[in-house]
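K.L.:
Residues per chain are reported as follows:
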Amino acid sequence: MRKLSLKAKIAILALLIGGAMIFLGSFGFQQLGAMDRYVAQRLGDVENNVDVLMEMESAHLKFKVQVQEWKNILLRGNDPEQFLRYVNNFTQVEREVAQDLNDVLTKLTAIGGNTAAVMALQVNMQKLGADYRKALESFEPGDPMAGSKVDQLVQGMDRDASEGMTTLAEQTEHAFAELIADVKTRINEHAASASRTYVMTVVIFIALVLGAVGFVFFDLYALLGGEPAYAVSIVRQVAEGRLDTEIELKGKSRQSLLQDIAAMKDRLTQIIGDVRNSADALASASEEVNTTAQSLARGASTQAASVEETSAVMEQAAASIARNNENAAVTDRMAQQAFQDASRGGDAVAETVTAMQKIAERISVIDDIAYQTNLLALNAAIEAGRAGEHGRGFAVVASEVRKLAERSQVAARDIGELATTTVKRAELAGSMLQQMLPSIQKTADLVQEIAAASAEQSTGVQQINSAIAQVSTTMQQNAAASEELSATSEEMSTQAISLKENIDFFTLPVMRDRKAPLKFVAKNPSKPSAPRPVAERKPAEKRLPGALEDDDDQHFVKYD
Amino acid sequence: MKTPAQTVEVNSASKQQFLTFCIGSEKFGMALAQTREVIEYGGITQVPLMPAFLTGVINLRGEVVPVIDLAVRLGRPPIEIRRRTCIIIVEMQHEGQQFTLGLLADSVYEVLEIDADAVDPAPAFGANLRADFILGIARQGEEFIVLLDADRTLSLRELAKLVEAEFD
Amino acid sequence: MDIPIETFVTESRELLALMEAGLLKLEAGLDSASSEYQEVVNEIFRAAHTIKGSAGLFGLDAVVAFTHTVENLMDCVREGSVGISAELIGLLLQCSDHMAALVDAYIQTGSAPETLVKNGEQLLMSLTPWLPRAAEAASPQAVEEVSESGCWHISLRLGRDTLRNGMDPLAILRYLAGLGELRYCEVIDDDLPLEDFDPENFYLGFVVGLAGPLKKSDIEDAFVFVRDEAEISIVPPQETREQLLRLIQSQQGKSRLGEMLVCSGAITQRELEAALHQQKDPETLKKPLGEILVANKSTSEQLVDAALARQRQKNSARMIRVDAERLDSLINLIGELVINRQRVDLLTSGYVDQDLQEAVASLAGLTEQVRDAALNLRMVAIGETFHRFKRIVRDTAQELGKDIELVLQGEDTELDRSMVEKLTDPLTHIVRNAIDHGIESRERRAESGKPLRGTIKLSAYHDAGNVVIEIQDDGGGINTERVRERAIEKGLLEAGVEYSEHQIHQLIFHPGFSTAEKITNMSGRGVGMDVVKRNVEDLQGVVDIKSHRGQGTLITVRLPLTLAIIDGFHVNSAGTHFIVPQATVVECLDFNSVRRLEGGSSIQLRGELVPYVHLQELLELSGQVNQQKKLVVVQFGDERAAVVVDELYGELQTVVKPLSPVFGTLKGIGGCSLLGNGEIAFILDVPQLIALATADEVHRTANSALMARRHAPSDHLH
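Chains as they are written, first to last, in the numbering used here: chain H, 1 to 560; chain P, 1 to 168; chain S, 1 to 718.
Watch out, some of these pointers could steer you wrong.
What the hints assert, rightly or not - Restraint ranges, calculated between C-beta atoms of paired labels, are given here:
#1 S:S349 / H:Q434: 51 to 57 Å
#2 P:P51 / H:R362: 39 to 45 Å
#3 S:Q354 / H:Q357: 42 to 48 Å
Hints are computed from structural coordinates only; laboratory data are not their basis. Beta carbons are placed, not taken as given, at the ideal position from N, Cα and C, and that holds for glycine.
Based on the provided sequences and hints, a complete structural model is requested.
P.N.:
Set out below in structure tokens:
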């Protein structure tokens with residue numbers, strides 16, 4: 001039940017009430033219905049009995065008629081017409097009586113009444129009838145005294161029937177009256193019982209509902225823990241920050257709203273108190289942090305400076321290594337160059353040889369040309385000769401040309417020889433170069449090793465440099481971080497103050513055994529930055545528990 | 001056009017120019033007046049059904065010139081074609097008609113001016129050459145140069161006859 | 001000195017030729033009344049006249065003096081005062097010869113030798129019977145009214161009705177005065193009648209001198225109203241005359257005399273029309289326009305002559321005289337061009353560049369055109385040569401007392417210049433022979449029932465790349481028997497052996513052969529026909545003779561159309577290049593795909609048996625051969641043969657280079673040619689080649705029956 005919300009409870013309640021009402025209503029309805037049916041039943045009985053009664057009455061009446069008619073017959077029967085008429089009437093009425101008796105029988109049978117009497121009557125009637133008829137036979141119409149004769153015959157015959165009839169009628173009436181009384185009684189009884197039941201039910205239900213309502217109400221009440229208005233006022237107070245209000249609790253063990261409110265208030269108080277303490281602590285902490293940060297920053301920059309120095313030194317080292325490296329590389333290149341030159345020298349020699357061969361070829365070409373020039377000169381001489389006198393000058397020219405051609409040939413030969421000599425020399429040079437090659441190679445290799453080592457050094461220095469650089473970077477990052485930190489702590493401080501201001505909104509009750517408020521002393525930022533042991537801080541007044549706080553918390557010491 | 005070459009007689013008291021050339025080990029000379037030029041050997045097309053001395057024809061700047069193996073003409077073994085082998089182009093006259101011939105020679109020397117005094121008449125025998133071919137023998141220092149009579153050596157009639165003979 | 005006088009020489013030679021032709025025409029008989037007669041006569045006159053004039057220009061006095069008389073005579077003939085007769089014509093012919101001799105003498109020596117001059121005088125003497133008595137040369141000279149220098153000389157004779165027509169002569173004169181400076185004005189009153197003087201008639205004439213920069217038409221305009229009935233003569237001043245002369249001489253465009261004169265201002269249109277009108281007048285009988293104009297005093301003779309000269313000049317400007325050497329060198333160059341072009345063809349055949357190929361192809365076309373044009377330049381109509389024979393025939397016939405007519409046919413047939421020159425002698429010899437030995441005397445002819453006048457027919461025509469010249473005479477034909485006897489005598493024939501008539505006739509061409517009983521000036525020395533034959537063969541031609549006793553002789557000379565460049569088919573056999581003249585090539589086949597006859601070397605070609613010969617074997621060529629041989633079917637005359645070669649290259653055109661005389665008797669090869677790559681190809685002489693083949697075969701098979709059979713076709717070859 002506790003778990004259910006109020007809403008649920010009320011809902012149930014409502015349902016309950018509703019259900020009860022419906023039930024009651026329907027029950028009542030039903031009862032009425034039952035009553036109605038019962039009454040109807042009884043009335044039915046009555047009706048039936050009424051019918052019997054009536055039929056009996058009718059039969060009785062009609063018997064009388066019948067008798068009357070018999071009489072008529074006996075009296076007036078002398079007239080045949082009347083005789084007939086009265087006989088018919090008698091028969092008719094007899095029949096009617098029989099009919100009525102049948103009906104009674106039938107109805108009686110239907111209602112389960114005693115039919116023996118009726119049946120006996122019926123037999124009597126029949127007998128009567130039969131007897132009369134027999135007697136009637138002896139009726140002489142003509143005889144004035146026929147009637148009387150017959151009368152005499154039938155004397156006493158009708159007694160059974162009539163008595164029977166009368167008895168039966170009386171019985172029936174009597175039965176009927178009994179029945180009526182019975183019915184009445186019964187109905188009354190019934191009604192009374194019904195109403196009793198109904199009342200009881202109503203009473204039960206009312207009790208139930210009331211019980212439920214009471215239950216819910218109590219529950220609510222319990223939940224509230226008191227008067228709602230009271231709770232409201234308490235809450236209002238709390239809301240106003242007056243955490244020092246006393247709450248009257250109805251010492252119930254169950255948790256009620258009020259209780260909770262009380263608890264809440266207490267907790268709030270506690271929390272606020274804590275917060276206040278924390279805010280103080282925060283403020284002081286942030287101060288400290290600030291200080292630390294600044295000192296950090298300072299430390300970082302000092303470090304950075306020294307790192308810079310180191311870095312500079314490393315740079316120099318790197319530079320000198322690089323120079324070494326370069327020199328080694330240069331030397332290496334030179335050695336390589338020397339090697340290449342040497343091998344090129346070898347190639348050059350080969351080329352020289354080829355070139356010389358080409359020269360030789362060209363020389364032979366020149367030789368050919370010289371020869372052809374010779375021929376040409378010859379032809380020219382021929383022409384000159386043929387031209388006779390006019391050609392003399394030309395002949396001279398021609399012979400000069402021939403001489404030139406010869407000189408060309410001679411020169412060509414010389415060149416040829418020179419070429420051969422050069423070839424020899426070139427080959428010699430070539431072989432010398434070949435010999436040089438291995439030592440050059442070795443030099444080159446050594447230099448390469450130097451170069452390699454240098455390179456490694458250089459790499460190492462580079463790495464150091466980069467490490468330093470990283471440190472430096474880190475330093476800087478640190479400095480930056482601490483700057484940030486400082487900034488952040490300032491921020492924090494500000495926030496703490498604002499927090500405290502917010503907290504001041506709340507009025508706290510006098511403290512009991514709670515933690516002592518934590519206060520932080522706002523330090524002077526210009527003080528030296530090295531982190532200090534806590535003990536160095538100024539001791540401050542302790543806050544008295546329960547005392548009203550005051551806004552000026554600066555003198556309180558921080559506790560851990 | 002050149003002025004027509006004129007045949008010269010050696011035995012006139014004057015110097016005369018001859019083109020000297022070599023066949024085998026012998027040196028010969030021919031009057032310059034009839035020589036036109038000297039060219040290298042090359043581009044000879046054989047002419048069908050020709051006698052041995054007619055090596056063929058060459059295309060001399062558009063002119064078709066027959067080439068004669070002078071060695072064969074002079075009764076020596078045919079010239080072997082070597083680097084220095086040349087063809088001496090000569091112009092001859094015959095019955096008013098001019099015709100050009102090429103002569104195969106082993107090599108050509110120079111144009112020499114030969115004094116008529118330095119020329120001896122052809123020997124009766126011993127030159128291993130038809131007497132009528134020889135104009136004279138010239139002395140040049142230690143050497144002897146056989147001066148050929150172009151008209152006789154290269155007589156068109158004879159040559160033509162020799163050619164014709166092939167067809168018979 | 002050179003150029004003008006050369007022009008003079010050639011011109012005068014032409015004119016003399018004209019003269020001669022004209023005289024010959026006259027001799028052949030012209031009705032003196034016919035216009036043709038007049039024309040010819042005029043021509044002759046003018047020729048003489050011009051020669052005289054030109055000779056005068058060059059100071060060839062002897063020519064001038066001599067020609068002057070001739071000209072006079074011709075003028076008389078022209079006028080009709082002298083009649084033409086055979087005797088005169090003969091004399092005139094002699095005169096023209098003399099004139100030619102004079103000109104030649106001048107050219108050779110620069111002066112006329114005494115003997116020649118004397119001859120001339122003698123000739124002139126013989127002309128005197130025909131010359132008019134008048135010492136003055138009768139050549140009409142228009143009265144040249146030489147006006148004072150600087151002045152137009154106007155002579156004016158107005159018509160009778162001038163005044164009646166309302167004209168005022170004075171007004172005209174005043175108008176004239178207005179045109180320029182009136183130097184003088186004289187009245188001519190020689191026409192005043194003494195009787196029948198009609199005061200309303202106008203009898204006067206004026207002579208006016210007008211100076212100023214005037215045109216003749218300007219002056220003439222002054223008389224526009226009166227000129228219908230007036231006689232007006234306007235003579236330009238001296239300077240103007242000179243001007244006119246110059247104008248005429250430099251006339252362009254107009255080629256008719258009248259137009260030239262009008263254009264230059266020498267005459268006015270009106271004067272021309274008047275003259276033309278007069279020309280139509282039957283009375284003046286088609287006098288030359290110039291004469292009419294001079295007669296009408298419209299202009300001076302000088303100007304007319306100048307105009308005529310100019311006309312001639314212009315007409316002859318249509319013909320250019322070209323130095324033969326230059327032409328030859330041009331043709332040589334073109335020959336080289338052809339070769340080079342083929343080289344270009346060869347070199348560029350590998351390139352796919354379409355533009356290049358097109359350019360090269362068009363180059364080929366152009367080169368061909370140039371070649372043809374150049375060759376055409378060398379072509380000369382044989383008519384010139386033929387015409388020369390007219391004189392020869394006439395003279396010779398006369399000498400021998402025979403009556404011979406020379407009929408010329410195909411004078412337009414053109415052949416190469418060089419050939420013409422070389423043909424002259426052979427043809428002359430043949431003609432002389434025909435006249436001498438061919439045509440019988442009149443009596444003999446009469447006996448034989450032949451017309452008294454013998455006919456020698458010279459005809460020329462083209463036939464399949466050849467020029468054929470036929471000399472046909474209707475004389476007595478060759479006496480075969482006599483020839484045979486003579487031949488046996490000389491040992492050329494064997495007695496007892498049967499020879500065909502044709503074979504015997506061929507002997508005429510044998511050197512030293514002559515059946516003539518006496519040696520005449522012209523023939524009979526026996527040095528004739530063989531020389532003829534040689535000359536013809538030198539020209540790569542053939543000469544043949546057909547003769548029928550009693551009917552006549554036909555000598556046929558067949559020459560190739562052109563020497564210089566031929567179209568040929570390039571083939572190769574055993575490494576040697578040959579060219580088969582296109583004109584002889586019938587077709588080319590693959591050797592292995594033709595039906596060959598067994599047991600012989602013939603192929604069956606469309607039902608015909610064609611003998612073939614392996615060129616390589618025939619010419620004993622040594623070189624690489626091809627298994628896939630090719631066959632070239634050639635034709636010569638009516639015969640066909642086939643030549644087996646190794647390679648067929650295709651058609652080419654090339655310059656024919658004559659073979660050196662060393663190869664004079666080379667059979668089978670008729671010249672050589674340079675291929676595009678500089679190599680030498682031999683041009684096959686198909687007839688000779690076949691002869692060679694025949695001879696070869698004869699060598700190989702001693703079968704006489706074969707010999708006989710082979711000889712039959714070969715008859716046509718010699």
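K.L.:
Hint by hint, say whether it matches the structure.
P.N.:
Hints, verified against the model:
{"no.": "1", "hint": "S:S349 / H:Q434: 51 to 57 Å", "verdict": "holds (54 Å)"}
{"no.": "2", "hint": "P:P51 / H:R362: 39 to 45 Å", "verdict": "holds (43 Å)"}
{"no.": "3", "hint": "S:Q354 / H:Q357: 42 to 48 Å", "verdict": "holds (45 Å)"}
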